Structure formats: structure tokens, C-alpha cells
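Student: Given next are the chains, with one letter for each unit.
Number of protein chains: 2
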Amino acid sequence: MTHQTETPLFREKWIDYIYGLQAQICAALEATDGKARFETEEWERAGGSGGGGRTRVMQNGGVFEKGGVNTSVVHGRVTEGMNRELRIEGAKWFACGLSLVLHPYNPFVPTVHANWRYFELYDEDDRVSDRWFGGGTDLTPYYLFPEDAAHFHGTLKNAIEPFGDELYPRFKKWCDEYFNNAHRGTETRGIGGVFYDHLRETENLDIEKLYRFQQANGDCFLEAYLPIVAQRKDLSFTAENKYWQEIRRGRYAEFNLIHDRGTLFGLKTGGRTESILMSLPPTVRFVYHDEPAEGTPERTLLDVCRHPRRWA
Amino acid sequence: MTHQTETPLFREKWIDYIYGLQAQICAALEATDGKARFETEEWERAGGSGGGGRTRVMQNGGVFEKGGVNTSVVHGRVTEGMNRELRIEGAKWFACGLSLVLHPYNPFVPTVHANWRYFELYDEDDRVSDRWFGGGTDLTPYYLFPEDAAHFHGTLKNAIEPFGDELYPRFKKWCDEYFNNAHRGTETRGIGGVFYDHLRETENLDIEKLYRFQQANGDCFLEAYLPIVAQRKDLSFTAENKYWQEIRRGRYAEFNLIHDRGTLFGLKTGGRTESILMSLPPTVRFVYHDEPAEGTPERTLLDVCRHPRRWA
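The listed protein sequences derive, respectively, from chains C and B. Just so we're aligned, residue 765 is where the first sequence starts under our numbering, counting upward by one. Just so we're aligned, residue 765 is where the second sequence starts under our numbering, counting upward by one.
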């Protein structure tokens, strides 16, 4: 199946959406933060391939200790490495997406991550031979507020449900499985959300519907996250709370550097290192054999990472 | 070539050496630290394979913020994964080694890492079909004292030289190439030392000589490192010095989690996670686009990581 006529327009529409969403999300986050502004760097891809992106990073804010909301629009020829490691078959490729990670200072405000991307493959005559969406949104609290988890998951579920009842449960499960620090048995990075990849056109979901599905995910992000920030950002906390946040941030770093396919693929194929690693938490602790005592709030959080729950 | 008669004895001799070296190094480090003691955990390998180890970890000492001196003596059947990912061909394997990492609190005292290991492969009839040594010692300073780098490299060079003039330069280069954060271009983890792997018997170096070579490396460790600790541990430092140490520790964590073959192989094949990750620094910072200004001591350190020098 080829789509040589409609696709350039479709691709452009997605690029416009992504840049618009980046501007909207950054403006809302700056308003919430009240102190720091996002710095913007436009970059171009070096080497034989083309494209670039807009990296927007905030550090040492009133609410966000470190955060990035990055877009990239990149394309190139399919290399042997992509073929072997990603099983990508085609002559040329195009990818455009937005990635964000926010690390708040207050340990009662959860870290959040989201990514929405669109991928196209072409044959030698620039005809589209394959195309798909991927992405998701997930929450990493340091202390569990069940009502926050329910709000977050509920918002995602409501946004996705119009496209099929089976989608939220499937993508929720996929998220729990993906964001797992497998070298620690079952221990998820946080309380999850949704994750999906290689979403291709089907009889029920044509490319336009997939586009609207992806947009629904992007559009509900602020609604899913900001009310939680507003609720928790002024809670007072102790040095012990901060210590525990930094331990859990260590697990976040472990996941991103050991397991996350996007991070590793980017680093090993000449992506922009600083933009990719903006996802790492600002301060981290790695403590030998830390295990919170039974009955503590720290243990409660760890328990839901070890035994993922249904939240919506 | 098979060595069915001599080898069990040879293997036992190496195991005895490793346990003795662990005891010696830990005692000397406790004496240097003056405050904390190593806690010891004996562990056994779960699952179908056998063996175990002795993990000795120190935290929040007078000199060492976190350190581990671990031994393991493990064996099993060669799995399909080992065959595919490590190109190990044989029916059964045995490995015994010591791994140590020390993270001092004072940013003027360098972090050090060493590992000495011995590996055997067997056919179905338990006859040795291959065997080799691997390991090395490398230094990660946060500020450059050229005389410390010269002492460290000089000690290693002197210990190795009796076994062949070509060995130190070859293993020094191998070390610079191995401990490189390739996702940052050329940026080594520290100022190196020596690194080597798959050292098999040759006409010039039979297995007994290799054993003495490996012993020479292990035996010179305290002499290579402790005088540097003594020289720098009482220097006063600022919050800025500590900040820079934590930035560089971030690069240490990046290397270990993204590139280090030993770490990744251990984590992905069911090694003891806490023992493997004791190598991670106690506190770490990941800052977007940190680049020290020209002419600062921080920049001097970064320059020698970007352009490895000859020290001995």
C-alpha cells in the first residue's frame, strides 16, 4: 500500500501539530513554575542525514528542578544498523516527535514523561512503504497519592476510550511491562500510564483516526498532570523525603540508561546526546541495598511498583 | 590443548589468591578510612547455575563515601545467550574474580576501579578447552594532579614491565579506548590505567607466567592508590568542587550503565544486581549542557579526558 499523494500533507500536518503542542505545553509549564523559563536551542543533525529539532530545557525553577520539552523532525537513509537492530526495512525514513520529562523539586510532586512520535518509511522512489505512530505518557511519583494516580490514569482513559474500549487496558499493560527495571525483577519506574508502538492503520482505525488518537493523547497531557502539580507543589517535606526521591530517581536513571530503547538507539546512532540525556534527573543517589521498612510511605510506593495496580 | 590434570589445582590457587587479596585490600582500606568498616554478605547464585561470592561494601566512611570490594566464584553451563552475545564456545564455564570501586567523599581524592578475573571453558567431559585472564585498574580523578597520575601509571608500569615491555603501553591504550563515553565523542571516564581481556597462553607467557602477571597487577593496587589518598584526603574543598565531582560522577554512571560490558552482561544474565551496581557513585548530578569555562581546573580535567595523555 502506498500513499504518495496524501502523505507529504499528512506529514506536514503532524509536524505543525507537534510544534504547536510544544509551544502550548511550555507556556503552561512556565505559568505553573512561576520562576524559570524554558531556554530554546534549535539544532541541526550532523552527518549524512537531515533534519533537526528544537530543544527546550528549564533548570532550577520554582517547581521544576529540571525539565525538557523537545521536538525533532529527522530523516535519512535506512542504515544497516537500523535494519539489524530495529528490523526497519525500507530505503529511507522520516520521524517526527515530541519528548518531555519533568523533574519537580518537591518529592510530593511526581515526575512525568511523555512522547508522541510518527514514523514513515519510503522506497527508493520516495513512495511511503510503511508508517506508524508510537508514544505514551507515564507518571513517576515518589509518594503514592491514590487519588492522583486515579486522576492521571482516568484522564488518559477518557481521552483514549472514544477510539476503542480495548485500547486503554492494552496500552496500560504495555506501559507497566515496558517501564520495568527488569534487572530488579518486577519493579516499574513509577505507576505507569499508557505506552504503545507501531500503531499502523487497521480496518477500524485508518490513518486519520490514528492521527486523532495521537492528538487526543497529546492534548490531554496538561489536564492529566497539572492538577496533580497544583495539589502537591506547596506541601512541606523533610530531608528524608528528598533522600527517598533521589533514591527513586536513581532507578529512573537506571531504566533510561540500561533499558530504554529510545535513549539507547539515539545515543548509539549519533543523536544529540545533550537533548537525549535531558531526561536524567538533576540529582540522584545510588545507595547499596536500600530497602524501606514495612509500613512506611516509601514502602507503599515500592509495593505498587512491584505489583502494578489498576487505577482507572 | 587440554589441561585436565593441572587445572583444578590451578583454579583453586587463583580462588585462594582472590580471597586473600580481598581480605588484604579491605583491611588496608579500613585502616585508611579510619571510621567505617566493610559489611560482608556471602551470597549464592540462584537458578540452575552454581557458585556465589562475598560482597564487601562500605558506606559513609571518613574517607570513602561508598566503596565495594567484591569477589565471585561462579560456574554453569554455556547458554545460547552467552554463545550469541559473548561468542563463548564450550559446554561449561567457570569464572572467578575480584571487582572493586571506591568513591571518596573529598573531590580531590580520585575514584578508583579494579577488576582481576580468570575464566575457564570446558567440554562435556569437563576437560578445559579454553582459559584466559582479564582485568585492569583505572583512576577517575575530579581534579588533575599530574604527579598523582604519574605515580598511578608508573606503579602499574613497573609491576607489569617484567612480563614484557610491550604490555604496559598496549594495555594503557586499551584502557583509554575501553573506558570511553562514546556517546560524547572522545571523553574518557578518567585518566585510565590498564585494561586487558582474553589473555591466553602464548609461547612467551605460559599460564604460570600469566598467573604471576595477574598477581602483580593485584598486588600493586594498594601501592598505586593509597599514597594518592593520603596526599589529598585532608585538602579542604568548596561546594563548587563537590558539584563538579557530582557532574563527573554522572559520567561515571553513564559509562557503567550504557557501555560497561561487565555490568550489562551481569544485569542481563541474572547476576546479583546490588553487588553489580555497588559501582555506582553515591550522589550524582545530571545537568543539561554543563561545560566548564576555559582556564578553570574543571576544564583541565575535561581536556585530559578528551585527549588522553601519556603519564609514565
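Where hints are given, some of them may not hold.
Claimed, not checked - Quick list of in silico lysine to any residue cross-link-like pairs, SDA-like style, CA-CA up to 25 angstroms: (1) B:K1032 - C:W938; (2) B:K1032 - B:V838; (3) B:K1032 - B:N870; (4) C:K997 - B:V1051.
It is worth saying that the hints were derived from the structure and are not from the lab. Bear in mind that the values here come from a model prediction, so they are computed numbers and not experimental data.
Student: Which hints, by number, does the structure contradict?
Tutor: When the structure is compared with the hints, only number 3 turns out to be violated.
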